[in-house]
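Participant: Full structure from sequences and hints, please.
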Amino acid sequence: MVNLLWHDLTSVESIPIDYRIYDKDSDGKTKNTHFSEMLALAKKRGIMPEAVVMDAWYSSLDNLKSIRSHGWVWVTTLRKNRIVNHNKQLNKLDISEEGTPIHLRGYGWVTVFKFTAKNGRIDYIVTNKENPTREYVKSIMDARWSVEVYHREVKQNCGIERCQARTSRAQRNHIFLAISAWFEQHKRRISEKITLYQQNWDVIKNAIAEHIRVLLAYPN
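Numbering of the sequence shown is given in the working numbering, commencing with residue 75 and proceeding in unit increments.
Don't read these hints as lab results, they were simulated from the structure.
Treat the hints with care, since some could be wrong.
Derived DSSO-like pairs: lysine-lysine, alpha-carbon spacing no greater than 30 Å straight-line [stated by the list, open to error]:
id, residue 1, residue 2
1, K118, K105
2, K203, K139
3, K212, K117
4, K117, K139
Pairwise CB distance ranges (calculated) [as the list claims (entries may be wrong)]:
id, residue 1, residue 2, range
5, N280, P175, 54 to 62 Å
6, K162, W275, 48 to 56 Å
7, K267, Y181, 53 to 61 Å
Ideal Cβ positions, reconstructed from N, Cα and C, are used throughout, including at glycine.
Facilitator: This is how it looks when you write it as structure tokens:
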């Protein structure tokens, strides 16, 4: 699946607004094609994001140019061996703490920031925003974690990966129903302040209690 989520930086709430099922054998579309089509549809629907955020997988020149064509800012990670400034690898550059302008081959000028994690991992975060600050880039990239949270919830709580059907139509129906179930649980999370995990446990707990009552009433 290729998912498109909206994340509100004020409320810190996220919600899926589109998805595509990657099945190149049936429609000939790559993941990058789905990515571009979803963004184009979001534009038609009037979506106006602070920034479009994605990982390095979707940082191809075509995708970056597509986002720029919509008049949007993008923020993404680039692989350390990406060629910039005409003939240099990204990890060979001396990158300032406050960001360094670089020329991305085939695209133009952008700004790169270098973030080093406690475990030594280095991320190169790049954006086309004019005069970006390190704090801005970090806040946008931190928001991207909401995608991973959504993926975990729709898998663990809604069983999106547990389809037993074999036909494509049935599998697609299962995926849609799993996402619909997530929406229902998400509404309860907001209105009743109950996490998805607590909602699932309440169902299991009540089922266990009912089963115990039956056993006590009819021990034989």
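Participant: If a hint holds in the structure, say so; if it does not, say that too.
Facilitator: Here is how each hint holds up against the structure:
Note on K118 and K105: the hinted pairing holds, with a Cα-Cα distance of about 20 Å set against a maximum of 30 Å. Annotation: proposed proximity of K203 to K139 holds, straight-line Cα distance about 13 Å (limit 30 Å). For the suggested pair K212 and K117, the alpha carbons sit about 25 Å apart, so the restraint of at most 30 Å is met. With a C-alpha separation of about 15 Å, the suggested pairing of K117 with K139 holds against the 30 Å cut-off.
A hinted range of 54 to 62 Å for the beta carbons of N280 and P175 is consistent with their spacing of about 59 Å. A hinted range of 48 to 56 Å for the beta carbons of K162 and W275 is consistent with their spacing of about 53 Å. For the pair K267 and Y181, the supplied restraint of 53 to 61 Å is violated, since their beta-carbon distance comes to about 44 Å.
Against the hints set out earlier in the document, a violation occurs for number 7 only.
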